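Produce the entire structure from the sequences given, and follow the hints as far as they go.
Chains as they are written, first to last, in the working numbering: chain A, 1 to 94; chain B, 95 to 489.
In short, the hints are calculated from the structure, not lab data.
Hints may contain errors.
Here chain B is said to cover these stretches of chain A; the calculated rule only asks that three of the stretch's residues, wherever they fall, bring their Cβ under 8 Å from a Cβ of chain B [as the list claims (entries may be wrong)]:
1) 40-50
2) 84-90
Below 30 Å or equal to it, Euclidean Cα-Cα: the simulated DSS-like pairs (lysine-lysine) are [to be verified]:
3) B:K151 x A:K73
4) A:K73 x B:K291
5) B:K315 x B:K291
6) A:K52 x B:K445
7) B:K114 x A:K85
8) A:K16 x A:K4
9) B:K262 x B:K338
10) A:K52 x A:K85
Owing to the predicted nature of the structure, the values given are computational and were not obtained by experimental measurement.
C-beta atoms are modelled at their ideal positions from N, C-alpha and C, and glycine is treated no differently.
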Amino acid sequence: MVKKWRQQMKRWMAEKLELPADIMMDLPRITMVGHIHIYIENHRGLLAFSDKELRLLLRNGQLVVRGEQFVIKTILPEEILLEGKISQVVYIDE
Amino acid sequence: MKNEWVDTLAGSVRVKARGKGIERLINACVRQGIAVWNVKKHSADTATFFIKLSDVKRLRHVARQSECKLSFVGRTGLPFFWRRAWRNSGFWLGLLLFIAMVFLLSNIVWKIEIKGAAPETEHQIARELKRMGVERGAFQFLLDDPETLQKKLTERVPDITWVGVEWKGTSLHFRVVEKEIPEPKKPIPPRHLVAKKEAVIADLFVEEGQPLVSVNDYVQKGQLLVSGIIGAEGRTKFVPASGKVFGETWYKSTVVLPLETTFHVLTGKFTERHYVGIGRLLIPVWGWKKPVFAHTIVETEKRPFRFWKWDLPLYYERITIREAEEVKRRYTWEEAFAEAKEIARRELRAKLPEEAAIRSEKVLHQAKENGKVRVELHYEVIENIAVPQPIVQGD
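Here you go:
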């Protein structure tokens, strides 16, 4: 109840005060260069990785990236750079 | 992104992980601060990735708590390169030794060839060369250069007129021309004798031809002295005129001589320094003593090092520092005048042919000018003024 209320409060602040949503609400920031690079900040860890799929844990939910010939170029505690042919980016809410 | 170039330099390792929970392993690595890059999945339970060489120990620690088996499949970077180089050090040493040997052997004189000389002259040349240090096995860069060798040889061996010195790779070739007896004279074509310069005829010795002048005649330059056309008119004959026509000629010379002169005379003491140079950089090899000479004359000699048959940009340089002494010479006015006259006479003698004689000498003018003497002299000289001039016969 309190958690939900706080979340709503944050969303309201992000909208009204024009603060960046990813900082305020701890959301992932995803940058894509065409379909060959994807750069995801603010993730919470690797769930599954194969050359066709990458599954990342987020603060609430998961992010699934599908495609071909995946290579993780760099991985840091909160950032990941993926290379390959990306065909889908799916956001799964919990 | 990180600079991969730095990782390459510091060394990186490719790790192959096999088993379940590879993702968990990677998460654990990342949380421990181990940089992971180029993660590739090859099948459901194998993956490869790169880590830094310095992180290997920590990775082992992390891997112990996971269900994966790790193996190292590739090593790149300088540390591994050095290790491999060290393991192959025998080969490198051999290669270095080989290059050193070729270098050494390329700088040695291997053969001395003397061509065109009679056996005794050849022997003499060989002996002289040995005295100069030119022999088989000597280092090329310690020898004199070809021009100097040539000069020294022609000076020291009296029987040779000319010697050509040439390097061909590691062998030194000498081509010798010996002094020879002059060949018998060829028949001389018909000619006149004409005056070389204006003169008064003092004496005539005509061997062949028709003399056209007599003693005490004044002749101009180029005037016909002895004609090569003889015989009465209508029955003329062409002969090569020969003989000597002595004429009295005049020369004027001016000599200026300072009363005081300083010059540098070598005392014979010297120090040598040896260098190896590349471009303008000189690396001292031998000779460190600082000379204590007040006045010096410095000589430098440069010789390139050779490799196989090429001259390297490396060279050997010898700097010889010779002690010089300053000597002051001072004349009194009388001495200076006498010396100036002597100089003038010597200069004239050097210009004149051997059979010419100076008949008289007259001082036209002598003066003292600020610290110098100036002497003008006039000479009367008896010399052969006849020079041949070929007769161009018409058709």
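Hint by hint, here is what the structure shows:
no.: 1; hint: 40-50; result: holds (count 6)
no.: 2; hint: 84-90; result: violated (count 0)
no.: 3; hint: B:K151 x A:K73; result: 22 Å, holds
no.: 4; hint: A:K73 x B:K291; result: 100 Å, violated
no.: 5; hint: B:K315 x B:K291; result: 4 Å, holds
no.: 6; hint: A:K52 x B:K445; result: 103 Å, violated
no.: 7; hint: B:K114 x A:K85; result: 26 Å, holds
no.: 8; hint: A:K16 x A:K4; result: 18 Å, holds
no.: 9; hint: B:K262 x B:K338; result: 51 Å, violated
no.: 10; hint: A:K52 x A:K85; result: 9 Å, holds
The structure fails hints 2, 4, 6, 9 (numbered hints given earlier, in ascending order).
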